[in-house]
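Trainee: Below are the chains, spelled out letter by letter.
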Amino acid sequence: MVLEGVARTALLGIEMGMTLVLITVGLTLIFGMMDVINFAHGSLYMLGAYFGLAIVSVTGNWWAALLLAPLLVGLLGGMIEYFSIRPLYGRNPLYHILLTFGFAIMLHGLVTEIWGGQVQNIATPAVLEGSVDLVLFSYPLFRLFLLGVSVVVTLALWIAIRRSDFGIVMRASAHDSEMVGALGTDVNRVFTAVFILGAVLAGLAGVLLGTARAVDPGMAASVIIQAFAIVVIGGMGSYRGAVVGAFIVGMLNAFGPMFAPEFTDALLYLLMAAVLLVKPAGLFGNPEAA
Amino acid sequence: MRMPSESMPSEKRSKRYNRRKFLAGSATLAGVSVAGCLGGGGGDSDSIKVGFVLPFSGTYSFLGESIVNGVKLRLDQQLGGEIDGKTVEYVRQDTGADPATGASITQEFLQSENVDFIVGPVSSAVASAMKPEIASSGSAIWLNANAGNYKLVEDSCTQYHFRTSFNTWQTSAPLASYVNDNIADNVVLSYANYTFGQQSKNLFREEFESTGGTVVDEIGAPLGTSDYSSFLQEIENSGADAVFSFFAGSDAVNYINQFSSFGLNESMTQTGSGFLLSADTLAAQGTSATGMYSLLHYTPTKQTDRNQAFVDAYSEQYDMTPNVYACQGYDSGLAAEMAINEADGTDTDSRVSALAGQELDSPRGYFRFKSETHDPVMDMDIREVVETDDGVQNEVVETLSRVEGPTWGCSL
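As given, the protein sequences belong to chains A and B, one line each in that order.
According to numbering that gives the first Met the number 0, the first sequence is numbered sequentially starting from 0.
According to numbering that gives the first Met the number 0, the second sequence is numbered sequentially starting from 0.
A few of these clues could be false.
Claimed, not checked - Residues on chain B that point at chain A, a partial pick, calculated with CB under 10 Å:
no.	residue
1	Ser60
2	Val252
3	Ser260
Claimed, not checked - Covered, in the sense of this in silico footprint (three residues per stretch, anywhere, with C-beta under 8 Å from a C-beta of chain B), are these stretches of chain A:
no.	segment
4	7 to 21
5	116 to 129
6	210 to 222
7	248 to 257
It is worth saying that the hints were derived from the structure and are not from the lab.
The beta-carbon is built from N, C-alpha and C at its ideal position, and this holds for glycine as well.
Work the whole structure out from these sequences, hints included.
Mentor: Structure representation (structure tokens):
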């Protein structure tokens with residue numbers, strides 16, 4: 000009984016954590032490379048859900064939504080970066096905050112105007128309905144799928160950042176973009192690519208979580224708070240930090256209600272404060288860059 | 000933490016940038032200038048002025064719009080914009096979810112706009128901030144179209160307050176004996192951990208225990224929780240045969256969908272306050288909600304001629320089916336009409352005494368303002384979610400007739 004409960008809660012924690020990675024990675028990579036704090040990131044996640052909703056209602060095909068919605072969000076993210084953020088590189092970060100905050104406001108208004116303020120939900124595809132028996136307990140199939148997709152994407156990204164040429168350029172640009180530029184790489188294109196990547200991941204999370212949870216215009220604001228907390232805990236700009244931070248927060252979300260249901264939210268901020276006191280740059284942040 | 004969607008960007012941003020807010024602002028300006036032209040600033044005998052103190056931005060904007068739609072359906076569409084030969088005018092301002100904003104709008108409406116009726120708010124916290132303004136001014140009737148907190152009546156009740164909505168007792172406690180008789184004699188309580196959720200579960204608990212039932216455990220989740228799985232595990236571990244819950248909006252959707260995806264619906268029966276399974280949330284809850292019971296004062300699918308006429312009129316006007324908030328707005332319109340038509344004089348106090356104890360021809364069924372509290376005495380529906388050809392819907396399984404509730408020491 001106890002073992003079963005702990006095992007299931009642990010799986011919950013892993014699942015919550017890994018899905019948070021999808022949202023957080025974009026935020027932290029964009030900050031790490033471009034020093035841009037992207038307040039519109041939650042809105043890109045929200046758009047993923049609403050695009051998914053629209054695609055499912057038109058085509059009736061969930062898989063089409065899973066594929067197309069993130070690409071659309073990526074396209075939009077790329078346009079936002081190219082036309083509005085790019086001209087502001089090198090300026091005081093306040094400019095980026097104001098700009099992306101402005102986008103968050105506009106996208107919230109736009110979504111409410113188009114889809115209305117009521118709560119909606121993307122229907123779970125029939126093949127992913129039901130539960131799976133995991134010996135000790137049974138677990139909803141869709142949530143396992145969610146976990147699987149998140150793990151695969153996280154690992155693939157990890158390998159790409161470590162091993163691929165583009166990953167090397169990315170890391171080099173984050174370290175010293177001027178030098179990379181001097182060596183003949185178009186750094187601006189790298190930035191745009193990273194922004195698109197972050198937007199695609201947020202859009203993907205939007206479709207997946209928009210199926211598992213409610214879709215409403217408030218979802219952007221509620222996710223961005225957790226995502227920022229994870230970035231701060233893990234260390235701004237660190238991929239490893241985002242993964243570990245999301246994992247810790249996922250566990251906190253899962254086990255919190257067992258021990259302190261009243262304080263689940265407060266625990267997140269306590270953890271954040273504790274990490275900042277001991278390691279001001281976050282668990283995996285670069286203290287010199289801070 | 001407060002609901003993030005309220006406290007973070009959405010609220011602050013909308014104050015300045017929301018288009019509706021801008022329109023509302025210009026409407027108010029227009030209202031002021033019209034009143035100025037008439038000389039003496041409103042309150043004159045040629046017009047009736049209704050002030051909407053509602054959220055038009057943020058999480059609850061949809062509720063605010065629904066209430067306005069309901070009021071206008073009665074006063075503009077059905078009465079042609081006139082009551083007793085007087086033209087109906089409107090002013091509206093956005094409260095967001097902020098009590099202080101609600102109070103200052105109320106003050107402005109009472110002092111500068113000279114409104115005859117105040118319709119709103121959605122949030123009980125906003126209502127508590129508005130109450131002293133309205134009580135001390137005494138120049139307008141307050142048609143409370145959604146704020147259900149029973150403490151508005153318990154703590155120094157005011158005669159200007161008429162609830163065209165419901166109180167927390169009515170949407171929770173009356174379900175207790177039904178659950179005990181028909182579903183289970185033991186329950187676990189789960190609720191959104193804020194004033195409304197706490198009141199609902201406390202009032203249900205009191206009534207359930209007095210009918211001989213046992214409350215096994217209670218589990219509160221923070222408002223705005225998006226993943227309830229850990230809380231659901233606690234609920235399952237309680238071993239109760241039934242659950243009574245209060246959640247609303249996106250919380251209700253997340254809670255119910257996850258409740259069923261973790262298979263809790265196979266071992267326990269979910270019941271709750273009607274906001275848990277309302278017309279607004281059912282579309283997103285889908286078949287997850289099948290077989291669950293809830294209690295509310297308005298059910299759009301209720302099979303009565305009165306309700307059908309309302310649903311038809313509303314759908315024709317706004318191209319969507321009415322929800323409970325629209326019904327509350329509509330009843331506010333009925334109440335305004337009644338207060339004007341039945342009063343001996345044109346002053347607020349004679350309108351108050353005309354409206355107290357009065358019955359309204361509400362789509363929800365029987366409706367009367369209780370003389371002691373000005374809370375509604377009304378029919379409450381116990382509904383079960385069923386699958387139909389039009390998707391999942393609430394089906395009324397029993398109507399509790401003329402539910403009154405306590406007076407909480409108020410005797411007006």
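Trainee: Would you mind marking each hint as holding or not holding in the structure?
Mentor: Each hint tested on the structure:
Taken as an interface hint, serine 60 (chain B) checks out: its beta carbon lies about 5 Å from the nearest beta carbon of chain A, inside 10 Å. Among the interface hints, the one on valine 252 (chain B) holds; its C-beta lies about 4 Å from the nearest C-beta in chain A, closer than the 10 Å criterion. Hint status for serine 260 (chain B) relative to chain A: holds, with the closest Cβ pair at about 4 Å, below 10 Å. Closer than 8 Å: that is the beta-carbon criterion, and the segment 7 to 21 of chain A has 4 residues meeting it against chain B, so the requirement of 3 holds.
Chain B is given as covering the segment 116 to 129 of chain A, and this holds because 6 residues of the stretch bring a CB closer than 8 Å to a CB of that chain, at least three being needed. Given a C-beta distance limit of less than 8 Å, the hint that chain B covers the segment 210 to 222 of chain A holds, as 12 residues qualify and 3 suffice. Counting residues of the segment 248 to 257 of chain A whose beta carbon lies closer than 8 Å to any beta carbon of chain B gives 6, which reaches the threshold of three, so the coverage claim holds.
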